[in-house]
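Colleague: Please model the complete structure; the sequences and the hints are all you need to start from.
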Amino acid sequence: MIDHILSLLIAIPMLGAAAVALWPSKQAGHFRIVALVTLLIEALLAVFLFLNFDNQDFAHQMAETTDWITLPIGSLGIVSIDYALAVDGISFPLVLLAVIVLLAGVVSSWEISQKTRAYFSLYLLLTGSVIGCFLAQDFFLFYLFFEFMLLPMYFLIGLWGGPRREYAALKFFIYTFFGSLLILIVMIGLYLSVIDPLETARVVGIMGMEDAIHPDLIPQIQQWLIDGKIAPEQIVHTFRFQYLADPGNYLPGSLLHLASQYFVGDIPLRLLAFWFLFIGFAVKLPVFPVHTWLPDAHVEAPTPISVVLAGILLKIGGYGFIRIVDGFFPLEAQHSAIPLAILGMISIVYGGFNALGQTDLKKMIAYSSVSHMGFVLLGIAAFTAEGLNGAIYQMVSHGILSAMLFLLAGVVYDRTHDRNIDHYRGLISVMPQYTIITGIAFFASLGLPGFSGFVGEIFTLMGAFQSDALPAWIPALSTLGIVLAAAYFLWTYQRMFFGSFWYKNGDSSVLTDLTVREKTLLIPLAILTVLLGILPGILFNMTGPTIEAWLRGLNH
Numbered sequence: 029m030i031d032h033i034l035s036l037l038i039a040i041p042m043l044g045a046a047a048v049a050l051w052p053s054k055q056a057g058h059f060r061i062v063a064l065v066t067l068l069i070e071a072l073l074a075v076f077l078f079l080n081f082d083n084q085d086f087a088h089q090m091a092e093t094t095d096w097i098t099l100p101i102g103s104l105g106i107v108s109i110d111y112a113l114a115v116d117g118i119s120f121p122l123v124l125l126a127v128i129v130l131l132a133g134v135v136s137s138w139e140i141s142q143k144t145r146a147y148f149s150l151y152l153l154l155t156g157s158v159i160g161c162f163l164a165q166d167f168f169l170f171y172l173f174f175e176f177m178l179l180p181m182y183f184l185i186g187l188w189g190g191p192r193r194e195y196a197a198l199k200f201f202i203y204t205f206f207g208s209l210l211i212l213i214v215m216i217g218l219y220l221s222v223i224d225p226l227e228t229a230r231v232v233g234i235m236g237m238e239d240a241i242h243p244d245l246i247p248q249i250q251q252w253l254i255d256g257k258i259a260p261e262q263i264v265h266t267f268r269f270q271y272l273a274d275p276g277n278y279l280p281g282s283l284l285h286l287a288s289q290y291f292v293g294d295i296p297l298r299l300l301a302f303w304f305l306f307i308g309f310a311v312k313l314p315v316f317p318v319h320t321w322l323p324d325a326h327v328e329a330p331t332p333i334s335v336v337l338a339g340i341l342l343k344i345g346g347y348g349f350i351r352i353v354d355g356f357f358p359l360e361a362q363h364s365a366i367p368l369a370i371l372g373m374i375s376i377v378y379g380g381f382n383a384l385g386q387t388d389l390k391k392m393i394a395y396s397s398v399s400h401m402g403f404v405l406l407g408i409a410a411f412t413a414e415g416l417n418g419a420i421y422q423m424v425s426h427g428i429l430s431a432m433l434f435l436l437a438g439v440v441y442d443r444t445h446d447r448n449i450d451h452y453r454g455l456i457s458v459m460p461q462y463t464i465i466t467g468i469a470f471f472a473s474l475g476l477p478g479f480s481g482f483v484g485e486i487f488t489l490m491g492a493f494q495s496d497a498l499p500a501w502i503p504a505l506s507t508l509g510i511v512l513a514a515a516y517f518l519w520t521y522q523r524m525f526f527g528s529f530w531y532k533n534g535d536s537s538v539l540t541d542l543t544v545r546e547k548t549l550l551i552p553l554a555i556l557t558v559l560l561g562i563l564p565g566i567l568f569n570m571t572g573p574t575i576e577a578w579l580r581g582l583n584h
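Quick note, the sequence shown lines up with residues 29 to 584 if you use the working numbering.
Careful, some of the hints might be misleading.
[Stated by the list, open to error] Once the Cα atoms are required to be at most 20 Å apart in a straight line, the calculated EDC-like pairs of lysine to aspartate or glutamate come out as:
(1) Lys532 with Asp446
(2) Lys143 with Asp442
(3) Lys532 with Asp388
(4) Lys547 with Glu139
(5) Lys532 with Asp442
(6) Lys199 with Glu175
(7) Lys547 with Asp442
(8) Lys143 with Glu194
(9) Lys257 with Asp244
(10) Lys54 with Glu175
(11) Lys532 with Asp450
Treat the hints as calculated values from the structure; they're not laboratory data.
Modeller: If you want it as structure tokens, here you go:
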């Protein structure tokens, strides 16, 4: 086993970014090669992790924990922030997805010819921060990565995007920064309410620095906490996920204790904190009505950044729902299951109708992302094993398919600088390979059996129908999203690819078929969606044990 392999997954892109920034050469090709080699190393590490990941172990694996910041603050106790990384069945599929999408993004960035040093430096910084979000097991560390990735994405859209790039970048930043502030407020409240039982035991003196952890130690400290036997200055506060998720570690009378008597108006503080977290991550997913930044960002972003944005950044929102929102506020989440599911249903239907009305190919794909991410929220709101497994599967499937779709949109845009669906007819006669790959992407995205999109959607719907918390009409209406997806994908396919060849805006000779580089990008993604469609156990074997253990913990 490679020591500190998870740290390497974060550090290598950061070092790659520094290498590009400090590289003495000014040739763009050198920057591209450094970025590509960096992502290939990431891919090798991910393959190594995949081969060594134990599907039957629902606990954290490859864990790395180091004391990072320890600061006594008098009567308020002791600040403790850990550098803690790990993977489990919830996060590991998304780590693999991140590496795949980011590798595809760097290859598709080969055509970037302006400010290449800055572009690839920012891209690699984004890579490290995205992967760090999925690996972090400390809320403070997670938040650092979560916030840091806004900066490179802002510049990647604002400097290399389309005509309205400044507007789209600013809108993206304002929306996501507002969501981040809501998350920060709750993070501070959680920190003030929760103790680290092991570090507190060491401070109190019932456990030495080198002592093994006794099974009764944490319950003993939690009982002392209830009995008031621990002085305030001996309490070690923490941001660690595992302690924030355990109600026994909450200080009696604290702001966010399960029996908290704090209210804002007539709203319990814990319920308000739940909705703050939900909104913070809903912006990232995105969920109706905080989704409006997404179409603008996608339309104006360069193709590789659209690939990364849809393929992986949106998934951080879904991951945050499962790991943080539901993990720390399970009772509030279950009591709010119906409004959450309704928001998911609205996103599914609203995104589908909007996609149906678009003539810009990228905007159509952007609204389809809103619709497909609605299935993720529906599966999470169901609080069933089928729904949660389906939600993670849908995130992975959509990550692969959205990367394909935006790469395909980029193919015609690179040749003609025109994304209008109505300006193309009969492309099958001049671009047969492009037509076949686009057909695979479209049919997979509309949920045709045999492709990954079908598996994700069917399991989220199954989980929602089986949920005791949700009325059947919510998933029933959500199935309209599948009908709408068939409508807008098939209608687009029919308009662009069939009939007599015609191109409105100029020389049709530029519409050449896929290049070797484009096929190298698209064919592996097409194979992946088919593979996951016919062998869903590849993912479910990873996620299943962890989700079952996670649900048992929430209902304990």
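Colleague: Each hint should be assessed against the structure and marked as holding or not.
Modeller: Hints and how they fare:
Under the criterion of a C-alpha separation no larger than 20 Å, the hint pairing Lys532 with Asp446 is consistent with the structure, at around 10 Å. Proposed proximity of Lys143 and Asp442 is supported: the alpha carbons are some 18 Å apart, at most 20 Å. Taking the CA atoms of Lys532 and Asp388, the gap is near 14 Å; set against the 20 Å cutoff, the hint holds. This hinted pair checks out: Lys547 and Glu139 have alpha carbons roughly 15 Å apart, not beyond 20 Å.
A threshold of 20 Å between alpha carbons decides the hint, and for Lys532 with Asp442 the separation of about 16 Å falls inside it, so the pair holds. Of the supplied pair hints, the one linking Lys199 and Glu175 holds, its CA atoms being roughly 16 Å apart against a limit of 20 Å. Note on Lys547 and Asp442: the hinted pairing holds, with a Cα-Cα distance of about 15 Å set against a maximum of 20 Å. Restraint check for Lys143 and Glu194: satisfied, since their Cα atoms lie roughly 17 Å apart, inside the 20 Å limit.
Only pairs whose Cα atoms come within 20 Å are accepted, and Lys257 paired with Asp244 is accepted, the gap being roughly 17 Å. Only pairs whose Cα atoms come within 20 Å are accepted, and Lys54 paired with Glu175 is rejected, the gap being roughly 30 Å. The suggested pairing of Lys532 with Asp450 holds, with an alpha-carbon distance near 9 Å, which does not exceed 20 Å.
Violated hint: 10 only; the structure is consistent with all others.
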